[in-house]
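**Student:** One line per chain: the protein sequences are S and H, in this order. The letter at position 17 of the first sequence is residue 17 when you use this note's numbering, and the numbering goes up by one with no holes. The letter at position 33 of the second sequence is residue 33 when you use this note's numbering, and the numbering goes up by one with no holes.
Incorrect hints may have been included.
Residues of chain S placed beyond 10 Å of chain H at every Cβ, according to the derived structure [stated by the list, open to error]: (1) Lys24; (2) Ser64; (3) Ser118; (4) Lys177.
Computed footprint of chain H on chain S; a stretch qualifies when at least three of its residues, placed anywhere within it, have a C-beta under 8 Å from a C-beta of chain H [what the hints assert, rightly or not]: (5) 77 to 91; (6) 144 to 155.
Just so you know, the hints here were simulated from the structure itself, not pulled from any lab data. For each residue, glycine too, the CB sits at the ideal point set by N, CA and C.
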Amino acid sequence: MSPTEVRNKNLIAGCIAKDPKSQKSLFDIFAPTMYAICYRYAKNPDQAKDLLQDGFIKAFTKLSEFKFEGSFEGWLKRIFINHSLEYIRKEMRKPDMVKVEEVHNLASDSFQFHNLDSKKIMAQIQKLPTGYRTVINLFIIEGYSHKEIANLLGISENTSKTQLHKGRQMLQKMITKDYH
Amino acid sequence: MDNTQNTTHFDAMLKQSLENSQMPVPTGVWETIGSSLGSQAIVATKIASLKLILLKSVAGLIISSAIGFGIYQLLPEKVIVPKTIVSKNGSFSPKETISLDTFFEASNDQPKNFNSISKKPAKDTALRLIQNKTAAVQSTVLGQGLVNLPTNHQEIIKLTAETLPTEKYSEVKNKKPATQENTAQPYNNVVFPEPANVFTPDGDGINDNFYIVVENEKSFNLQIFDEQGKKVFESNDKNKFWDGTNSLTGEICKPGVYIYTYYYELNSGFKKKDRSRLTLY
Numbered sequence: 001m002s003p004t005e006v007r008n009k010n011l012i013a014g015c016i017a018k019d020p021k022s023q024k025s026l027f028d029i030f031a032p033t034m035y036a037i038c039y040r041y042a043k044n045p046d047q048a049k050d051l052l053q054d055g056f057i058k059a060f061t062k063l064s065e066f067k068f069e070g071s072f073e074g075w076l077k078r079i080f081i082n083h084s085l086e087y088i089r090k091e092m093r094k095p096d097m098v099k100v101e102e103v104h105n106l107a108s109d110s111f112q113f114h115n116l117d118s119k120k121i122m123a124q125i126q127k128l129p130t131g132y133r134t135v136i137n138l139f140i141i142e143g144y145s146h147k148e149i150a151n152l153l154g155i156s157e158n159t160s161k162t163q164l165h166k167g168r169q170m171l172q173k174m175i176t177k178d179y180h
Numbered sequence: 001m002d003n004t005q006n007t008t009h010f011d012a013m014l015k016q017s018l019e020n021s022q023m024p025v026p027t028g029v030w031e032t033i034g035s036s037l038g039s040q041a042i043v044a045t046k047i048a049s050l051k052l053i054l055l056k057s058v059a060g061l062i063i064s065s066a067i068g069f070g071i072y073q074l075l076p077e078k079v080i081v082p083k084t085i086v087s088k089n090g091s092f093s094p095k096e097t098i099s100l101d102t103f104f105e106a107s108n109d110q111p112k113n114f115n116s117i118s119k120k121p122a123k124d125t126a127l128r129l130i131q132n133k134t135a136a137v138q139s140t141v142l143g144q145g146l147v148n149l150p151t152n153h154q155e156i157i158k159l160t161a162e163t164l165p166t167e168k169y170s171e172v173k174n175k176k177p178a179t180q181e182n183t184a185q186p187y188n189n190v191v192f193p194e195p196a197n198v199f200t201p202d203g204d205g206i207n208d209n210f211y212i213v214v215e216n217e218k219s220f221n222l223q224i225f226d227e228q229g230k231k232v233f234e235s236n237d238k239n240k241f242w243d244g245t246n247s248l249t250g251e252i253c254k255p256g257v258y259i260y261t262y263y264y265e266l267n268s269g270f271k272k273k274d275r276s277r278l279t280l281y
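With the rest of the complex left out, here is chain S (with noise of 0.2 Å):
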């Protein structure tokens, strides 16, 4: 057991047996992770503070049904990453997913950046539309299938593909745009 993993182990079971002290510990440790996952979901800020937060309630509640298997921040992380998606979920049945064809044929201008600010990216994930950012998220940087993603969202396969596409096409003319 690594010492990230011992501590780890202690904290969970301070928490448990409800203890502010390993309940604040924890929630120092992870919120910065978690607090931009939430961010990058969501789509403004007071809504990922909102997530963390119930997020975290969530998760203090859950915690005698982690394991053990595997690491802590993954169990974590999808704890959060399904919160959100079940606010996502509620939010994707108002119109705002089709709000998409003002960047129809957008060019995919060559695209040459090496470094991107991960802030700046934040911010420019969350102007995207909901079914942009969701899809964007679970599938390039969650690593999600589009089956998968078909599955968790309740839409089909091929909406998956068209999200993502039109979604990344968007933010690659924000992140070009932004550099110019």
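Once you have looked at the hints, place chain H on chain S.
**Tutor:** The following block gives chain H in isolation, referenced to the frame of chain S:
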């Protein structure tokens, strides 16, 4: 750079820059989470303590009912209610028996045994019956504290019918053959005859006062209410009779139905509490 390469390159960069990125957490988030967790903990403890209280009360209930049942099983005598003492045509059923204790008064300190108490006159109407010389009472000791009353004497019937109309008497559960030893035993669970349910304060000497028949009592309380539930009489003294006037206003009460409740505790520890109605003519 063709399109596919471009895309792959973009995706890789995006993933690299975002996958493990961290962001400074806005202030106030932990405070919200902490207070939410705290309140959850408080709710959890409250539920736990409520469960504990419930469990304790259920256990208490079971224990007390078990004790109650045990006492009930151990009690040697039971009070039963004979169907009728006085039949409609005014004659006694020879089979009916009433407690001897009903008719005798024991002094407070003396042991209540048959010989001593039988000599001592009592005030209550029932005792007067037995002491009435013309009544020729031929009381027969049947068993533990039981007297068989004569069947054919008009005066007894009349008086008793007036005084002892509807009635609970103690009856010994297991009737034993009459022996001196049995009759000499003290009686602890005495139930006195119910008071008359008809009340005629007209000065003819019959049922002019309403009172509860009780002897040897430690505490006593009688309350009488009219039909509207207003109290017309209350006494802690058994010798204070109700004469049909409102003891608060001094008015003469109207004929009608009155409710009375009474309570007494005997020196033996026996308690009785009852309520019934009486008719004022």
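**Student:** When the structure is checked against the list of hints, which entries are broken? Sort them ascending.
**Tutor:** 1, 3, 5, 6
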